[in-house]
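In order, the protein sequence lines correspond to chains A and B.
This note's numbering numbers the first residue of the first sequence as 1 and each following residue consecutively.
This note's numbering numbers the first residue of the second sequence as 1001 and each following residue consecutively.
Treat the hints with caution; some may be incorrect.
[Unchecked claim] With a Cα cut of at most 35 Å, we get these calculated DSBU-like pairs of lysine-lysine:
#1 Lys1005(B) / Lys188(A)
#2 Lys1193(B) / Lys139(A)
#3 Lys62(A) / Lys1005(B)
#4 Lys120(A) / Lys1211(B)
#5 Lys1066(B) / Lys62(A)
#6 Lys22(A) / Lys62(A)
#7 Lys1193(B) / Lys188(A)
#8 Lys85(A) / Lys74(A)
#9 Lys1005(B) / Lys85(A)
#10 Lys22(A) / Lys1005(B)
#11 Lys141(A) / Lys1211(B)
#12 Lys62(A) / Lys1034(B)
#13 Lys1005(B) / Lys182(A)
#14 Lys1055(B) / Lys62(A)
#15 Lys198(A) / Lys1163(B)
#16 Lys74(A) / Lys1077(B)
#17 Lys141(A) / Lys1163(B)
#18 Lys122(A) / Lys106(A)
#19 Lys1077(B) / Lys106(A)
[As the list claims (entries may be wrong)] Partial list, derived from the structure: chain A residues whose beta carbon lies under 7 Å from chain B:
#20 Phe38
#21 Val73
#22 Tyr128
#23 Gly130
#24 Ser131
#25 Pro132
#26 Lys167
#27 Val170
#28 Ile178
[Unchecked claim] Incomplete in silico selection of chain B near chain A, CB under 10 Å:
#29 Ile1052
#30 Asp1142
#31 Asn1145
#32 Leu1167
#33 Arg1187
#34 Ser1199
Rather than coming from a laboratory, the hints here were simulated on the basis of the structure.
Using N, Cα and C, we set each Cβ at its ideal position, and we do this for glycine too.
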Amino acid sequence: MASIDSGGGDNHKKGPGVKKAKKLSTRVDMTPMVDLGFLLITFFIFTATMSSPVAMDLNMPKDTKDLKDQTEVKQSGALTIMLGKGDQVYYYEGELTPENASTSFKQTTFKGIRDVIINKRKEVISNYKGSPACEQKAKDKGRDPKTECADEDFVVVIKPDDDATYKNTVDILDEMTINNVKRFAMVKISDTEKELVKATEQASGVK
Amino acid sequence: MPHIKMARKSTDTDMTPFVDIAFLILSFFIMATKFKPPEPVPIETPGSVSSIILKEENAMLITIDKDSKVYVSINAKKDQGKLTTIIEGINTSRSLGLTPAQIQNFKNTLIVGVPFGSLKTLLNLPPAEQAKVGQPGIPVLDTLNNELVWWIAEAKKAFAGEKLLYLIKGDNHSKYPSFEAVVNALRKNEEFKYNLVTSQEGAPEGTELYKERQGKK
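Extracted from the complex, chain B is given alone in its bound form:
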């Protein structure tokens, strides 16, 4: 009687294609990932149908957080000297009496959200610790003493002759009066064009904009 011998199959599988795919995906993600810049203040931006990609170079970013506190940060990566010009301008116009070391430290400060009175204390801290300190926000709601006006004025001076974008990044839950105060501060400086930072959203179906966008395609 012939004896049938079952071939013993190996439990090993060839993993090479599997690894190939895994690393292909991996390389895709490595290339496509743009790391989030460190966010000193977490902001949940509202959505809008706008499709203009945000430009962040040479921009003054005014942040309004969920408690309606206002912060300011200036993005001038190409020319760090501008930041020094701004803080020196603030120092003289508001006679704060900052030391050269504090002025130097402003370059590394990610975001400022303190009244002028506390600016000295903030600039004494190293940048890593500044983020940990709860900043009370720049006072804007008092129309007579809207400190943001000074910040904008100095930034405008430092960027004279160049294009400076004004970005307003507000949180979903921030209240309208803060936003209004920010806009008023900009208007006082004769600046009437702003960019609101939002996250992207599609145009709702059946509306005018939807038809227009469909027609273009």
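Chain A on its own, in the form it takes in the complex:
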């Protein structure tokens, strides 16, 4: 610690008029400086925004009334995912008819939907019979026709319910990127589907 030597207790006798220059210590007390330094560090650590936000691209199709412009979806390759209350996910494959509603309409969570998507994709790829038009296109672009076209028929239709949150929507869109689903669409939920979701929610007690 820096302390000033008052020179009170020295016994040297040097005679009158002889002044000895005091030897001051060159050491400075650094404690306050360190205190301040660390205070500032803590402040900056707390205010630092380390993760910068990222952007997720979303492209929506143009509204087309013309049937010719609308993309046709093959029943065999379609997977419809509905988002409901309480982070619940409902899905069915192909078409929903009054006859098959009880068996094909299923409930899962965000954890389970990934496997559903992966399995469906595998199924579609294994059923791939070859489409000359698509393969020609891929060849022209210089891409591998097999990987490019095998999942051509695979389409995921996303239908968020009114009770679904924005997080659910982003999560399911993210799931499309994660599982490399090239064709997906966000569609308004139909009344029959809404009723089915509501009924399932009530039956399983989702709040």
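Got chain A sorted already, so can you dock chain B onto it with the hints?
Chain B in isolation, oriented as in the chain A frame:
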């Protein structure tokens, strides 16, 4: 008998290296810190695996808060005149009768989340007080009177010939209908490309995307 004298050690420690390190860390944090811009509406964004860094210049930011209220703010730091063009356009197209002072005040307004009817009252307040007032949100859910459509139309006009990004920043707990209404408002203006503001997340292990990203490295 020899007397052993124990050397008295000083309790002082040399703090210089300690201070060196402390200030090194301090300077690192000062340089690395990018201060959060003031957030008039706190938003908790959902995570996504996307890795595109958000661009905020020349952007129209549509915010949806946790109560599904919709706000709009325009980021045009380089050209403040654009903001005036937008508010003047809104003023004439919706015949709001704003005074020049109110129009001037729009430049400093951080975020707008009121119906056109209350815009006058909001612009009468100084910017510091605007944040304190609870804004009811822009009415979007009524498909016939989606006021966001007008905001987008004017912004689009003001940025004609330039690239204008549409950022949608939604809260985790906001409901889907609001988001849908926002998208519909954009679609009505023939805008089909948007950026959703999210926080970064890693790709889950074992998935297609994970394999792809690992392969690239």
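*asked:* Run through the hints listed earlier and report the numbers of any the structure violates, in increasing order.
replied: Numbers 1, 3, 6, 9, 12, 13, 15, 16, 19, 21, 22, 23, 24, 25, 30, 31 - these are the hints that the structure violates, sorted from lowest upward.
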